[in-house]
Amino acid sequence: MRPTAPTPLTSRRGLLFGTAAVGAGAFLAGCTSNDPKDEKTAAEDRPADDKPGKHVTIGFAGPQADHGWLNAINDNAKRRARTYSDVTLEITEGSNDTAAQIGQIETLINKKVDVLVVLPADGKALTQVGLKAMRAGIPVVNLDRVFNTPQAYRCWIGGDNYGMGLNAGHYIGEKLKDTPDARVVELAGLDNLELTKQRTKGFDDALKNYPNIRKVARQAADFTVESGQAKMAQLLQAQRKFDALWNHDDDQGVGALRAVEQAGRDGFLMVGGAGALSAFQAIKRDDGVLKATVLYPPTMSASAIDLARALGQGKGVGGMAEYEIPASVTLYSAVVDKDNVDRYMPTGFR
Amino acid sequence: MTQPVSPPRYDSGKAPAAARPPAWRTLAARADVRTLSLLGVLAVLTVIGGVTKPDEFLDTRNLQLVLTQASVIGVVTVGMTFVITSGGIDLSVGAIVALASVWATTVATQEYGFAGILFTALAVGVGCGLVNGLLVAYGGMVPFIATLAMLASARGLALQITDGRTQIVTVDSVLGLGERDAYVLGIPPLVLVFAVVTVIGWLVLNRTTFGRRTVAVGGNAEAARLAGIDVRRQRLYLYLLSGLCCGIAAFLLIILAGSGQNTNGNLYELDAIAAAIIGGTLLSGGRGTITGSVLGVLIFTTITDIFALNNLQSDVQQIAKGAIIVAAVLVQRRTASTT
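Taken in order, these protein sequences are the chains called A and B.
In terms of numbering that gives the first Met the number 0, the first sequence is residues 0 to 349.
In terms of numbering that gives the first Met the number 0, the second sequence is residues 0 to 338.
Do not take every clue at face value.
In silico DSS-like cross-links for lysine-lysine, where the CA-CA straight-line distance does not exceed 30 Å [what the hints assert, rightly or not]: (1) A:Lys240 x A:Lys196; (2) A:Lys240 x B:Lys52; (3) A:Lys314 x A:Lys283; (4) A:Lys207 x A:Lys77; (5) A:Lys214 x B:Lys320; (6) A:Lys207 x B:Lys52; (7) A:Lys200 x B:Lys52.
Because the hints were derived from the structure by calculation, they are not lab data.
Looking at chain A on its own, in the form it has when it is part of the complex (with noise of 0.2 Å):
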């Protein structure tokens, strides 16, 4: 037997000592199979799941909540640390600032926690912090916007920007494949982002597809209602007809819907990005032009919890034979339309 944590329950130790001798039948039964498995091993390294197990103190660093998806990030983090008994939450104020993100994330190194959940407001400016906690002992989990080097995360996870265009993409291409001369419009993202050229490129990918479909027209909103209203406002103007439209992000699509209601068009299909409760809400309604919109989960912080208390207790992912947890977790950008748009309800941002 591997050495084990010291547990306090005897029903579980009763529980090992039984895995332990149904181990051993099989052990036997084995010798005649050649089976290489060892259960016994599979059975104490479980995966973490939701009994508690060792205690972890989680420390959180995002930055600053001001657009509905990052407060989702926020949300959904500080949600999944309740659910478990055996997680203690270490939450800093966000802040976009450079500087002072650093200072928050070197305050929760010294305060020794035992992981470290960093949603950096500037990836490669925070490489440095990231490595120093590292070093210090402390594994990070470095979600969505990535650092510079892996040496300074443990596990990455976010979302695929790509795959989101590349999805949107394939998802109006096959509504559209029977429409000769498909026209589609692109309403982008702040294009100062790396992000949104990788959108824009996944999109273009997957249009390449069907060569019936031309993209005709992009314009880039900076995911605000604001500028969302103003660029599909000229969008509409620009072009009399087209048949679909991508919208990188459902904030920005809030302002967009607008814009399609004001000039009083319709006869297109509108696909979102993100996956705000607005959004669902009207792809459910089904009584606008939007139609589908593509996840980019803020659920992923969830996830990274899940991932740090994994971390913290020394454990592999459930569903994964490994016993730990995977270098980088890459989430589908799943396309949500009317027919599982429920499942997906409660994940909407407001």
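Position chain B against the provided structure of chain A, taking the given hints into account.
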């Protein structure tokens, strides 16, 4: 009959102050040249738009669109013009618009319907303006610092109220004002408000004692004080006026975007200052023109429109915008100094 009468009258008006009328006339001519050069820029832009995108640009809907998009920042710029004319500056306009728009769209406010939203937007605007005014006029703070402080705290408060969420408006009477059914003779209500604010602003600046006091304070505050103007009170009123304009703009923005968000009014302060300066208002104070400011706003909005219609991306738009600001100011200085 009229010929023999008018020349003497003309002469008699000119005779008592031989030096002043020419100065007056060159000033008037200069003002006209400024306005004309702005109109010229607008005409050139119209030609560019009309040539590159004839169907989309030369279209009633496009005119409605440009004027609608100009109305929010336009109202802010009218207020800003007054403050700059008096030698001050208001860096907090964007933040005040944001704060007013989120305060007026909270669930609690929306329960009071149209009137509640309108009142809250205006009251928050005026309230912030009051604080700015008191700090500058009676607290002795430099306008740049006082309004910078307001910028920071109003943005912070807006974030605190919304918690980063987008507050969607559900009051139909408010939303309806942004839709085509509400257009009066083809004019969107937002544009009507912009027009009314512009006309009132022009009248107040050019035809009232208040306007003349504003110019006097901006030209030489000490001289104005010696001339019996209550400079402090005048300054207080000006920041109040700018705050009120922000409140009106916030209400227009709520109609336009159908929501309130703490990121609203992003960098309005720079857009408004740029439009006012391009229009011919002196950053150092003492001279201000509402007509110029409004033309400045229209030039910016038209540029944005033409770029978007031609599907040019935001990087090109920003570069060109910067170049056009420099060019417009240089051309103006030229024309103003040669005449």
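Evaluated hints:
1. A:Lys240 x A:Lys196: At roughly 25 Å apart (the allowed maximum being 30 Å), A:Lys196 and A:Lys240 satisfy the hint.
2. A:Lys240 x B:Lys52: 15 Å, holds
3. A:Lys314 x A:Lys283: Violated, at about 40 Å.
4. A:Lys207 x A:Lys77: 41 Å, violated
5. A:Lys214 x B:Lys320: 26 Å, holds
6. A:Lys207 x B:Lys52: Distance ~27 Å between A:Lys207 and B:Lys52 Cα, so the pair holds.
7. A:Lys200 x B:Lys52: Measuring from Cα to Cα gives roughly 27 Å; hence the hint holds.
Of the numbered hints listed earlier, those contradicted by the structure are 3, 4.
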